[in-house]
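Build the full structure now, drawing on both the sequences and the hints.
Residues -19 to -1, 1 to 606 (mature numbering (1 follows the signal peptide of the UniProt record, and there is no 0)) are what the sequence shown spells out, left to right.
FYI, nobody ran anything at the bench for these hints, they're computed from the structure.
Straight-line Cα separation of at most 27 Å, DSSO-like style, residue types lysine-lysine; simulated pairs: (1) K456 <-> K18; (2) K265 <-> K557; (3) K494 <-> K60; (4) K544 <-> K232; (5) K119 <-> K105; (6) K46 <-> K213; (7) K122 <-> K215; (8) K481 <-> K431; (9) K231 <-> K218; (10) K218 <-> K122; (11) K481 <-> K494; (12) K155 <-> K36; (13) K218 <-> K382; (14) K119 <-> K33; (15) K136 <-> K155; (16) K232 <-> K265; (17) K119 <-> K215; (18) K456 <-> K213; (19) K60 <-> K167; (20) K464 <-> K18; (21) K481 <-> K349; (22) K167 <-> K149; (23) K481 <-> K464; (24) K389 <-> K231; (25) K105 <-> K218; (26) K415 <-> K488; (27) K155 <-> K167; (28) K60 <-> K163; (29) K105 <-> K36; (30) K349 <-> K557; (31) K215 <-> K46; (32) K36 <-> K46; (33) K136 <-> K122; (34) K18 <-> K488; (35) K149 <-> K136; (36) K559 <-> K349.
FRET-style restraints, in silico, Cβ to Cβ: (37) Q484 <-> P206: 33 to 41 Å; (38) Q115 <-> N242: 31 to 39 Å; (39) F35 <-> T139: 21 to 29 Å.
Keep in mind the model is a prediction, meaning the values are calculated, not measured.
The C-beta atom is built at its ideal place from N, Cα and C for all residues, glycine as well.
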Amino acid sequence: MSKIQFFCLFLTFFGICLTSSQFRINSNGLSYQEQLKEITRRLEDQRYNQQKDFKFFPPQFYEMKGLYSSNIHGNAMDKNNTFFYHLIREYVGCPDSNMFVTNFVLSAMLDCAELGTIEIDQEKFEESIDAILQFRDKNQKEGIPSYSFWKQNYKNGTWYSYPQNLQKVAEMIKIMPDWAKKLLIKLGLPFVAVADKIADAFHLPPDADDSSVNIALGIRIMNSPLIRQSIKEKWIKSNHNLQEYYQLLKKYSYKPFDVSNSSVNTLDVRTYFAFHNYLQTLNKTSNFSVFTTWIRSTDDQIPSMIEIPGNTNNFDCSVISNTLFGLHNILLNSNQTVVNEIFDEELQGLYLNSTNVIIYAIDSYISKSHPDIAFLYYPSVYDFYWFVARNVHLLNSNYDKIPNQLIKDVVDALNKSMKNQGTIYILNNTLADKNGNLYWQEFLGIYNNKTYHEDETFSTVMALNALIDIWTISKTDENGKVKRIFDSQTPQNVTTTIQKGMQTLLKKNSFSKSNQNAFFSGSFKSLNTLSIYPMNVNHYLNGTEFDPHTADFIALQQVKGVKGIIDEKEYQEMLKQKWFNLNVIEEFTGYNSQILSYPYWSSPAITYSMGASLISKYQSLQSND
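See below:
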């Protein structure tokens, strides 16, 4: 049998397996108490309980024992939004073993355990932690908690990210005949057809997002009486050097007024456009800096091994929120000596500036005007609102433990934004069914006045988690059980919305529908995200400059950025010019298009685990009524 036949059989086998696992319909009516049990059962089905290597034949994807599953799908669409393309979106994908999904699942399980709704299986929890720890950046010395999205391989003295399944698919694409590649393009999967040409884009640097959610989970583990000692010892052994980790974040932060010969003063053109109004307000004599996504700079890239996508660093408000969450967990759960060592004057400035960016994003409703470039890696705006909300909940619940006035000022500012503009956005985007129950949806499968409700369950779960975390605090009773309590100032329309939203999720079969989501994605996912914006840094990786107005757009070989802060009048003139022979598209055009398809990560395990966390919170609130 030829390799081409192997590949066709491989795709068929994958489609059958994925379809059979996701078409199961639960026809049994579930009581309120049974819903959580049903969700956790479904969650367990998403776990990799055995280690599996990639095989061409018999076809088998790589699975890392202890991780929870996610799949890379394509947002394929035709002009009529036909059911066929709904099936492509829903059931065609590539399994991906990353640490990110599992981190969120374990955190949600801790939520449930603390609220007394589940008991953690210590053996499986430890297996999952063992898996996560393998994603630590081995280019850093032992103990520095710098993490990569994918596990690393070793070559020529350097550790680099190596997504097993994606790399193998790229190898198969190399031997695929042209007619098969054309078929993939016709199916709305053009990025698959060129996977062999963009394989270097998979070699991501470590990032503040993965690293910080690992820190947040680890600090919770270290302070939880529900987690056994062997797990705590493993985590702290690999993650004890927090001080040097934050040195890395300071080193690679965005510093627009830096005058050294460094790329840290240069920002992705998309991020600059999204925030240019805010950046114009900065005092040019200040030591302004913001947490960036990648723990790497353009200067430090290693060609074909460690490269920033697009070759220029950016900041993403969702990533910043997760970075703050990791830092908040440290500051609230460490002694004053540790706080003083880590939270020095430079980090305090970085912390305050980054928080102000988040507040600007909330207050300006950037989630409506330009979510695609404000949240480059998180298509779901409810991801963003929940990421901020869990910071608010953590800080409000531990207000007495806050170590200094700066953080208390941040708490006040975050509360003001999230209890006003943040809450307003979530409330204004509710939808109602025929019975008056409320739900939310975003963009998956919504086009040409037609919807397939693909991300409805996930969006509803995340929106409700955000509302509850904004408006409640956690208190531990004399028996050690955590209870959720509403803020006494919670508006009636908020509690009513939560109640009616929960009625939707507590109906029988509510988690038997689509549990897909676009929990995260690559940064290129709309016409607005193609870097067609003004720039003053424009050269190839070899240093040769190109004319940014007339050159061909070559994403992987060009460095495109904004150095420093461009005068606003000049920037407005630049917006009128063509870049790469194209006009700047200033308005958000949406995520769904028949002319542009892109990959996104979907994980039903995220929907289930976040749903379990939500129901646990809601049960606790009800028990306090």
